[in-house]
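Enquirer: Sequence:
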Amino acid sequence: MPELPEVEVTRRALAAELTGGRIEGVIIRSPKLRLPIPPDLPLLLPGRMLREVGRRGKYLLLTCDDGRLIIHLGMTGHLRVLPTRIAAGKHDHLDLLFSGGRTLRFNDPRKFGTVLWTEGNPLSHPLLAGIGPEPLEEGFDGDYLFTLSRTRCVAVKQLIMNSSVVAGVGNIYANEALFRAGIRPARPAKSLSREECDSLAATIRLVLAESIHQGSTIMNFGVAEEPLRYHPLDFRVYGRGGEPCFGCGGMLEELRLGNRSTVFCPLCQG
DNA sequence: AGAATTACCTGAGCGC
DNA sequence: TGCGCTCAGGTAATTC
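FYI, the numbering for the first sequence is 1 to 270, going by our numbering.
Bear in mind the hints are in silico, worked out from the structure with no lab data behind them.
Bear in mind the structure is a predicted one, so any value in this text is a computation, not a measurement.
A portion of the hints provided could be inaccurate.
[To be verified] Only pairs whose alpha carbons sit at most 25 Å apart, straight line, appear in this in silico BS3-like list of lysine-lysine:
# : residue 1 : residue 2
1 : Lys111    : Lys32
2 : Lys90     : Lys111
3 : Lys190    : Lys111
Generate coordinates for the entire structure from the input sequences, incorporating the hints supplied.
Expert: Here it is, written out as structure tokens:
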């Protein structure tokens with residue numbers, strides 16, 4: 001599932017491929033997403049140039065003349081740039097037809113994704129206004145985490161997955177960051193020391209940056225026949241419950257926190 | 001305010 | 001082969 005690194009890799013690819021392109025047509029094949037695709041996109045978008053591709057958390061912001069598309073990939077959504085017109089398939093919801101014959105295609109089997117249009121300040125849009133600091137930018141560090149966690153009894157893993165606390169940390173990277181910081185996921189957030197908050201913030205930044213870097217090197221964005229390859233990393237704990245810890249060889253344990261699969265090493269994560 | 005719960009959705013993997 | 005079941009999980013909305 002796309003998490004922040006996958007969204008960032010997608011952002012870079014879209015920016016490289018489509019910045020400066022003009023939207024000539026819009027085809028809504030299936031508007032039915034959790035939030036429906038606005039039916040007036042085919043009237044609104046043609047003639048506008050794509051100026052910039054930004055990101056806020058896991059939301060992509062496709063800034064056009066006098067407005068922008070807000071796109072979230074949900075659990076199973078993906079975007080592809082097709083070099084030519086290619087017949088649509090199952091779960092293809094939306095095509096943006098660009099100048100030069102290229103198509104930006106949005107596909108999402110599970111329909112958790114989002115495509116919206118806004119002409120106001122995107123950061124004050126209801127979906128984006130309450131999102132916490134970007135983990136890779138100024139404002140997210142151990143000091144911030146420490147201060148914020150003093151009154152929180154919730155498990156630290158749930159805290160860092162809360163988008164109002166920090167943007168874009170999903171289940172995979174929450175598991176990975178806690179393992180690499182040596183912190184047990186079920187620890188009450190308020191029990192973390194200042195040093196542990198420093199370590200956790202730094203580790204979140206590290207695992208996200210690593211994955212963005214590796215993802216960028218294997219991007220195959222233009223290949224129509226294949227799904228985008230994400231996740232170049234072999235995860236150290238995610239999906240490995242019951243298997244040996246790479247650190248100590250002991251068996252990784254699995255439990256559920258906030259109804260999310262949680263894997264950790266009982267020895268390495270004190 | 002913080003925390004817990006639920007709804008949304010389909011494909012994959014499983015046991016039988 | 002196929003049926004029915006469980007699981008995967010980001011986010012918003014709802015409730016406590």
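Enquirer: All hints are to be evaluated individually against the structure, with a verdict given for each.
Expert: Going through the hints against the structure:
Using a Cα cut-off of 25 Å, the hinted pair lysine 111 and lysine 32 holds, with the two alpha carbons roughly 7 Å apart. A threshold of 25 Å between alpha carbons decides the hint, and for lysine 90 with lysine 111 the separation of about 12 Å falls inside it, so the pair holds. At most 25 Å may separate the alpha-carbon atoms for a hinted pair to count; lysine 190 and lysine 111 exceed this at roughly 36 Å.
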